[in-house]
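Got two chains here, separate frames each, mind docking them using the hints?
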Amino acid sequence: MERIVNDFTINIATANGTGSQSANLILLQTMFEMGVPVSGKNLFPSNISGLPTWYIVRVSDAGYQAPGDRTHIQVLMNKATWEKDLEKLEQGTVVIYNSDVKLPVERDDLILYPVPMTKIARGLNPKLARMISNIVYVGALAEVLGLDEAKLEAALAKQFGGKQKAIELNLEALQLGRQFVADELEVSDPYVVEERERDPDAFLIEGNEAVALGSIFGGIGLLSWYPITPASSVAEELIDHLPKLRVDADGKSTCAVIQAEDELAAAGMVVGAGWAGIRAMSCTSGPGISLMSEFIGLSYFAEVPAVFWDINRVGPSTGLPTRTQQGDLTLVYYAGQGDTQHIVLIPGTVEECFEYAWRAFDYAERYQTTVFGFGDLDLGMNRWVCKGFDYPDAMDRGKVIRSQEALEEIPEYGRYRDVDGDGIAYRTLPGSGLEPILSRGTGHDEDGVYSENPEIYAANMQRLARKIEGARNQLPAPVLREEEELEVGIIFYGSMENTIQEIDDILEETGLKVSQCRVRALPLHSHVEEFVNRHETVIVLEINRDGQMYGILRTELPIELVPKVHSVAFSDGIPPRARVYAERIMEVLEEVHK
Amino acid sequence: MTIKLNIIELPKSDYQGKPSSLCPGCGHDQISTVIINAAWENGIPPERIAKMSGIGCSSKTPAYFLGKSHGFNTLHGRMPSVTTGACMANKELCFIGVSGDGDTASIGMGQFVHAIRRNLNMVYIIENNGVYGLTKGQYSATVEKGSRKRKAEENRQNPIDLCAMAINLGCSFVARSFSGSKKQLTALIKAAMSHRGIAVIDVISPCVTFANNEEFFRSYGYVKDNETELHSPDYIPHHTPVEEVDIPAGEYQDIELFDGATLRLETVGNEYDPSDAMAALAAIHKAEVDKMHVTGLLYFDAEQRTLDEELTLSDTPLVDLSDDELRPSEQALADLLAEFRS
Chain A
1 MERIVNDFTI NIATANGTGS QSANLILLQT MFEMGVPVSG KNLFPSNISG
51 LPTWYIVRVS DAGYQAPGDR THIQVLMNKA TWEKDLEKLE QGTVVIYNSD
101 VKLPVERDDL ILYPVPMTKI ARGLNPKLAR MISNIVYVGA LAEVLGLDEA
151 KLEAALAKQF GGKQKAIELN LEALQLGRQF VADELEVSDP YVVEERERDP
201 DAFLIEGNEA VALGSIFGGI GLLSWYPITP ASSVAEELID HLPKLRVDAD
251 GKSTCAVIQA EDELAAAGMV VGAGWAGIRA MSCTSGPGIS LMSEFIGLSY
301 FAEVPAVFWD INRVGPSTGL PTRTQQGDLT LVYYAGQGDT QHIVLIPGTV
351 EECFEYAWRA FDYAERYQTT VFGFGDLDLG MNRWVCKGFD YPDAMDRGKV
401 IRSQEALEEI PEYGRYRDVD GDGIAYRTLP GSGLEPILSR GTGHDEDGVY
451 SENPEIYAAN MQRLARKIEG ARNQLPAPVL REEEELEVGI IFYGSMENTI
501 QEIDDILEET GLKVSQCRVR ALPLHSHVEE FVNRHETVIV LEINRDGQMY
551 GILRTELPIE LVPKVHSVAF SDGIPPRARV YAERIMEVLE EVHK
Chain B
1001 MTIKLNIIEL PKSDYQGKPS SLCPGCGHDQ ISTVIINAAW ENGIPPERIA
1051 KMSGIGCSSK TPAYFLGKSH GFNTLHGRMP SVTTGACMAN KELCFIGVSG
1101 DGDTASIGMG QFVHAIRRNL NMVYIIENNG VYGLTKGQYS ATVEKGSRKR
1151 KAEENRQNPI DLCAMAINLG CSFVARSFSG SKKQLTALIK AAMSHRGIAV
1201 IDVISPCVTF ANNEEFFRSY GYVKDNETEL HSPDYIPHHT PVEEVDIPAG
1251 EYQDIELFDG ATLRLETVGN EYDPSDAMAA LAAIHKAEVD KMHVTGLLYF
1301 DAEQRTLDEE LTLSDTPLVD LSDDELRPSE QALADLLAEF RS
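For the record, the sequence lines run as chains A and B.
Quick note on the working numbering: the first sequence kicks off at 1 and runs consecutively.
Quick note on the working numbering: the second sequence kicks off at 1001 and runs consecutively.
I should point out that these hints are in silico values taken from the structure, not numbers from a laboratory.
Among the hints, erroneous ones may be present.
[Unchecked claim] In the DSSO-like style, the derived pairs of lysine-lysine whose C-alpha atoms are separated by at most 30 Å in a straight line are:
1. B:1068 / B:1018
2. B:1018 / A:399
3. B:1068 / B:1183
4. B:1068 / A:399
5. A:151 / A:244
6. A:127 / A:88
[To be verified] Here chain B is said to cover these stretches of chain A; the calculated rule only asks that three of the stretch's residues, wherever they fall, bring their Cβ under 8 Å from a Cβ of chain B:
7. 114-128
8. 200-208
9. 263-269
10. 420-433
11. 438-449
12. 500-514
[Unchecked claim] Across the chosen pairs, the derived CB separations fall in these ranges:
13. B:1316 / A:454: 40 to 50 Å
14. B:1158 / A:412: 47 to 57 Å
15. B:1341 / A:579: 29 to 39 Å
16. A:470 / B:1109: 32 to 42 Å
17. B:1238 / A:239: 36 to 46 Å
For each residue, glycine too, the CB sits at the ideal point set by N, CA and C.
Pulled out of the complex, with its shape left as it was, chain B reads as follows (with noise of 0.2 Å):
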């Protein structure tokens, strides 16, 4: 039996991590293989992959996928600041961070917003759902009202929607997803990984431990039951030409991303433009108020500047550049000592 090789020729156990130590069943499992899956079939060699975390179960999914790329389990909430820092140390690996509702929503939510604001080169991955798991399950701030886990009364705040403040944030990619839809949330993430700028995926990922009930709006059998699709995705790499793909019978939009791969937005129901942030921020808002999820790509805008395009950092990635690059001349402190001293 010969064994499947990807663009790149290397076997999709080059892209696996360690077994994972989460709850049988989890929703993050779901997504390490789907990370697992993109990476491998959109053909990023793993060393050009960085896998950035924050503190919590989701946060700990870094172990369990891409064992061949380096990663950083930072501190609770801080997953962005480490990534905005090692991207301008190294612009050209690509980032995945992985976050959790807690990581992102609560405690991170200063430097969530502000990735966003900076438009960091990165795939921002929130594995939501809607209570801290490591620490027991206590609600997080982005469980619904009305929703209810199990042996503990309905929560009765507003939830923060993660969705809707990256779209108000001018974020350049925004995505909704669920852990259990494979084929939606695969398509996602590979187009989020052939964006530039930040690609803000929210994956609703069930606690099968802590928050699996009907009553709770986060559980498999409630998102099962009402999810909403905007559209359904399918990505196509830039090495497979478009004619070669099959065209769906129905209508369709087709999204051009960085790399030369396209994302196909094939129409399931109403017409969606995702480059219409009101109409994002309406299908959001009547989603919450129908007590349903909408998913797939919420909204994309390919103009935005980068951080360190906006910084106009050197071509060369500055962990490449040499000590003498790095260091200005003897001449160069001969002559601010001249200035200084006339």
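For reference, chain A alone in the conformation it holds in the complex (with noise of 0.2 Å):
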């Protein structure tokens, strides 16, 4: 038989709360340091204990993210989803199974390898024989797949926290699963995992973290959030790192974090910190930004650095407040009553999730409104392998003026007057005895004061979207990866990244090169347009139904070239698989040479 070589994908099915998080992570760990490409997905429900859990891990030297077209191992652990799951199974699949669940596997075209992991388990510790019977599953796969023994080990003991105790108790478990898969069963699958040289910089973070690191690193002053899935653990980890990193020499916080009572008042606090001229930020998902868009709308026409993070969940409405889309875009981009346009950054790895949080800041004063980092729960709450961040530029406060010198030196000014032509006022804060004004969003003139007169109202609404208009190519510029031939170019964004590239290899095995652009940042750059002019056809990609980006693009773009462009949008809720969404690349082409 012909071993297949760090080229699969395992589905490991188990009920939520019972710690197979821990095991499931274990694993992941352990392929990473034997420098395997290898990426996990938490496919979980909305529940805390006792409903069905995915994890996919996907083995891949070619580097591919995305959970891949079909499960070649199956862990089954759950009583609920075991008769689907192996329903579902080509032919060939390898099946891990508690053989102490009785229920039956009647399939004779898979490769069984039943583990009695609840007895396994029992004979460890019958109190939390639930729990170690995941570790069981990890050491068979270990047995399985040929994994190194001392790197196992290491990330358990991580997984742990040194806790020692919990540390030796799974550790006999998983040499007992891994036992027992030596001694009585006969392994006869072709897949093997093969140790790889480990890029030593490399370790394993989810989006999140970086979020909130690149935050604290960007001089975050005030969080304020309201707990939601999936933005929680950016506060969360905000949380878990600001002690060592942010205290002053007295050892007193540099940065207030307030759990606020909704996200009206989450967004309130940042606008008021904003304001007051700290650098502030909130994160949340969907149904936080319909409640902050009053606020969004306030800070973009009372002019107030905000920062938000849209770590975007299935919707409309609750939706599927576990699972992953695209579907936000043009929430956020035209967020708040009225004529109003956002900035939002879209970070497609999580060495951008750390620096777009720290620049988002910088936007933000910069053109004194709301900026947007605009996430998914697969980039959030996944972990993604990550080289390390770049330390942040020097911190751009905007135009804040701050002495009576600097003050004189500025003729004429109002805090709403554009006095240097890019549409971009100058202001003073609260405290500084310097212009004081009683900010508004109610209409206002070039001082600040209320308003009603029509053509100062129309000029002022001019002004704003020229200032908006002017950091469309300060913003990170689109990344383009093109073919010679330009016939076809594909337009994404954000974590689709991680599974561009199987797509492409797909494209490219029926004949078709593509070229690629993936948009960091709306409005868009100017670079997006000249790489539609440059292609014949263009697909714009994207993990929602209606085709969002796509939509913006056809408002924005020149006329003559809208009808080159065509959408591809697709949800389900799970992590794009490649295969889905090129087939249906390939629908739209046909289509369109018809």
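Dropping the structure here:
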């Protein structure tokens, strides 16, 4: 039998709240430490204990990080999904299952490895058997795949954070699982993990933790937040890291963290803090953005710096709270009543999560407006390989007048007077005693005084449009990977970065060479238009139903370019599988070329 | 003629604002005047004050006082959250929040109670007239059962008493007053400015346009006839030695405030102890039953820690920290990455 090395997908079916996440992370960390390109996706329910959870591990020397087209190795732990999970498996799939679950495995076209996981776990500690049995499957998998024992043990010790008792107990469970497979089963499958050269700089991190760290290094002074999946871990990681990174010589904090009563208040605190001169942020998801929209409009109109991270989950409404989507793009781009438009930074990697988190503050203070960070559950809550973070550039605190001398240098100061011609006016801070104003969300003139004057209103709105327009080419440019043919170009963004190469390779197998353009910010950089211009046909690829980025492109591109732009948008809550999107792209192209 | 100056040698004109555009005779304008007097007499530098408001007639008033202070006329019911953020940025400013009964007791109820729960260091004034003035006189949630505004059915729903609510939430300073009681209101607002923590002052402030008829419990006439004063308050600033102050003939109780000032409560009827929450709630309840308005310092507790203290924020206000103090060093990032890589 031919061996299949580092190129398969493992699906682990468990119930949540049983400790399976720890087991899965040990598995992921071990393979990562072996230098094997690996990614893990947690498909979890909106529930704390007892409902089905799947963890998908993609092992791929090609570096593919999407879930893959099929399962090669299935771990079965959960009674509730047992039958359905089995049904879906293709012929030849390896099934490692808990044989103490007295449910039938009635398929003779699979490679079956029954392991009495509950019995082994009970033998170690009857009370903790349910949790320990998860570690037993890690042991069994380790034996089947040939995982490095020392790295496995190190990963286990890391996961249990030095708690000696837990480490010893789980280590034993690991070894018993491994031993059972070695002694009692005849391993007859082709799947093998082989060690690769490990990049010593790399580590695994979740996008949300990278956002938290980027914010801390960005000089955040206030985080106000309301708990919501999948954004809570941004706040929680921030809270975890602050005591080490942001205390002064007296041991006091240089960043306030407030768990607000709702997202209305969370946004209000951000706006209040930004108005008073510090860098403030909130993190939320779609439902929170809905509530924050009134303050986002205020931030836009009163011109107050504010940063909001939207870690997308599946909408509409409460939707699928624990699943991933890019469904909030138009929501954040235009949040607020009346004519509004916001700067949106869209990271596609954990390195960019860190970078855009600190840059968001620079942009917010430079343009005196709301800046969104736009992530999603997939990027935010799964662990990704990270090469490290670059130290931020010097802070850009924007046009803040901090002294009488500076004020005097400005001819005809007015809070909303465009003295530099870039649409950005100067501001003073409360407490400074310099040119006080009563800020407001109502119509105002160049001095900030209430006004309903039609000319003044219209001119102010034009200035605001000009201000945001000026940001366009100052924001992160798209990442372009172009083919010489310049036939088909694919525009995509955010976490699709982790699937695009596999999609590209699938298309290339059919003889189709496509260029890639990963958009990293809104409003769109001029390079995006140039990319569209250069290509014969452009596909906009995204994880939602309606093609929201496609809609934005249709609105903002010159009208003669619009006919060559087409949408491929799909979302079912599961992180994008390459073949699903590749097939849709081919369908659209076929339709276009008819 | 010499212009009278306050203790920091500023004329009162430095504390004034733009002319009011509210209806002539509006209770809110009287309150604005009191705020101007209180800030001037307390000698607070105008630039050290931030005036905050929501939306509504009351929330327009920050334009009419303290023209040399920064202010933020925010969103409907959202003044507390904006003030919270601003206070975290600059905890040394004196925050004066002005709100109305619609702004606080309905759309802003959530933010009101949570600002109290956190003991945000601010003065929170509710200009409470029982109607939504700016949208032409609809009843608000504080209007009493049985009260009736002009050309309308009487209100049959139970009112929300913001003082009772604040006391139940453990608010550190709770007072009720009347826009027509200038002396009492001035003393209470001055004391609130000297207090550290949230000071809630619910001020009955009649709406002369939509609800000033005798059948309305918040009309001038009704309040004048049906006010029960708990005591007669006098504010003694920290720079005035107490011995220089006239000692009233009768009984009194002194409240020591955070900045060294004293609020002297002269007994006018029965003895009243503002540290007794049960007595405060009983007084409010009795007034409601009797269709009266009880005014004065209802409750006071100096012991509570404020939000910025609870968060152990740096002694220097966050807004005054340098970029280097706000951003961890390159070495800190290198150490962190090394830890991740180990």
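These are the hints, each one checked on the structure:
The hinted pair formed by residue 1068 of chain B and residue 1018 of chain B meets the criterion: a straight-line CA distance of about 11 Å does not exceed 30 Å. For a cut-off of 30 Å, the pair hint linking residue 1018 of chain B to residue 399 of chain A stands: about 27 Å separates their Cα positions. For the given pair, residue 1068 of chain B sits about 25 Å from residue 1183 of chain B by alpha-carbon distance, which is consistent with the 30 Å threshold. A distance of roughly 21 Å separates the Cα atoms of residue 1068 of chain B and residue 399 of chain A; the hinted pair therefore holds under the 30 Å criterion.
Pair hint residue 151 of chain A plus residue 244 of chain A holds up; C-alpha atoms about 29 Å apart against a cutoff of 30 Å. Using a Cα cut-off of 30 Å, the hinted pair residue 127 of chain A and residue 88 of chain A is violated, with the two alpha carbons roughly 33 Å apart. Interface restraint, the segment 114-128 of chain A with chain B: violated (0 residues with C-beta to C-beta distance below 8 Å; minimum three). Using a Cβ-Cβ cut-off of 8 Å, 5 residues of the segment 200-208 of chain A lie near chain B, which meets the minimum of three, so the contact claim holds.
A stretch counts as covered by a chain when three or more of its residues have a beta carbon under 8 Å from one of that chain; for the segment 263-269 of chain A and chain B the count is 6, and the coverage holds. Three residues within the 8 Å Cβ limit are the bar, and the segment 420-433 of chain A against chain B gives 6, so the coverage statement holds. Coverage of the segment 438-449 of chain A by chain B holds [criterion: at least 3 residues with CB-CB distance below 8 Å; count 5]. Three residues within the 8 Å Cβ limit are the bar, and the segment 500-514 of chain A against chain B gives 0, so the coverage statement is violated.
A hinted range of 40 to 50 Å holds for the C-beta pair residue 1316 of chain B and residue 454 of chain A, which are about 45 Å apart. The hint said 47 to 57 Å for the Cβ distance between residue 1158 of chain B and residue 412 of chain A, and at roughly 55 Å that hint holds. For residue 1341 of chain B paired with residue 579 of chain A, a C-beta distance near 34 Å keeps the hint of 29 to 39 Å intact. Distance hint for residue 470 of chain A and residue 1109 of chain B: a CB-CB separation of about 41 Å, consistent with the stated range 32 to 42 Å.
Evaluation of the 36 to 46 Å hint for residue 1238 of chain B and residue 239 of chain A yields a pass: the beta carbon distance comes to about 38 Å.
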